[in-house]
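Can you build the whole structure from these sequences, using the hints too?
The listed protein sequences derive, respectively, from chains Y and G. So for the first sequence, the working numbering puts the first residue at 1; every next one is plus one. So for the second sequence, the working numbering puts the first residue at 115; every next one is plus one.
Hints may be right or wrong, so weigh each one.
[To be verified] In the EDC-like style, the derived pairs of lysine to aspartate or glutamate whose C-alpha atoms are separated by at most 16 Å in a straight line are:
| id | chain 1 | residue 1 | chain 2 | residue 2 |
| --- | --- | --- | --- | --- |
| 1 | Y | K71 | Y | E17 |
| 2 | Y | K1 | G | D173 |
| 3 | G | K117 | G | D152 |
| 4 | G | K184 | G | D167 |
| 5 | Y | K37 | G | E216 |
| 6 | G | K183 | G | E144 |
| 7 | Y | K68 | Y | D30 |
| 8 | Y | K42 | G | D173 |
| 9 | G | K184 | G | E136 |
[To be verified] Between beta-carbon pairs, the in silico distance windows are:
| id | chain 1 | residue 1 | chain 2 | residue 2 | range |
| --- | --- | --- | --- | --- | --- |
| 10 | G | V166 | Y | E5 | 36 to 42 Å |
| 11 | G | P153 | Y | V12 | 32 to 38 Å |
| 12 | G | Y124 | Y | S46 | 21 to 27 Å |
Everything labelled a hint here was simulated from the structure, so no lab data went into it. Please read these numbers as outputs of a predicted model, since none were measured by experiment. Just so it is clear, CB atoms sit at the ideal spot from N, CA and C, and this is done for glycine as well.
Here is what each chain is made of, one letter per residue.
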Amino acid sequence: KTQVEQSPQSLVVRQGENCVLQCNYSVTPDNHLRWFKQDTGKGLVSLTVLVHENDKTSNGRYSATLDKDAKHSTLHITATLLDDTATYICVVGDRGSALGRLHFGAGTQLIVIP
Amino acid sequence: DMKVTQMPRYLIKRMGENVLLECGQDMSHETMYWYRQDPGLGLQLIYISYDVDSNSEGDIPKGYRVSRKKREHFSLILDSAKTNQTSVYFCASSFEGLSSYEQYFGPGTRLTVL
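This is the structure we're talking about:
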């Protein structure tokens, strides 16, 4: 059973628009949650990590929130650029070490059009 | 510049042939991983290696084996490849600091088994 669900599966926005990606999970314990960007044919690149209840992070045009009570996270992308076209993957870690496991969502495919 | 490399990037094999996927990292990370990524699914853990000759099965180890003779190299071996092993394979390594834990991913190897 999938423990990390992402929505929407895919999303098309126009350059300059904002968008919000959602991640719901059932992983327990939930030590941390990380958002990755995966360009087509490339590996995963970390965007941000959230650790604490009600954490909020910001990394340039990317910002994220985490609600551990609801087991829910959002990734906001502001003023999208064509280079934002990629798959965004939500990953929940059950421990803060290599002794734990990472639980991967299937990703949201974002396409930014001119 | 922290880097995980994978070779080859693309590989086509016939069913029953042996496959060797190589991964290297230049960060002296102790822990390394092999994952596979299939459409519509999150990354699935095949094997994890905690150090030289210290390997453990992940969630889907059947049909695979690994070798780690040097800390910087981690190999994934498919003895007698099957068509259902067609996938994109990712290697990762992890770092554990005092207050952080992060995995670094390679660019992936796209394997097609005919």
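Hints, one by one, checked against the model:
no.: 1; hint: Y:K71 - Y:E17; verdict: 27 Å, violated
no.: 2; hint: Y:K1 - G:D173; verdict: 13 Å, holds
no.: 3; hint: G:K117 - G:D152; verdict: 23 Å, violated
no.: 4; hint: G:K184 - G:D167; verdict: 8 Å, holds
no.: 5; hint: Y:K37 - G:E216; verdict: 14 Å, holds
no.: 6; hint: G:K183 - G:E144; verdict: 12 Å, holds
no.: 7; hint: Y:K68 - Y:D30; verdict: 8 Å, holds
no.: 8; hint: Y:K42 - G:D173; verdict: 23 Å, violated
no.: 9; hint: G:K184 - G:E136; verdict: 12 Å, holds
no.: 10; hint: G:V166 - Y:E5: 36 to 42 Å; verdict: 37 Å, holds
no.: 11; hint: G:P153 - Y:V12: 32 to 38 Å; verdict: 19 Å, violated
no.: 12; hint: G:Y124 - Y:S46: 21 to 27 Å; verdict: 25 Å, holds
Violated hints, in rising order: 1, 3, 8 and 11; the structure is consistent with all others.
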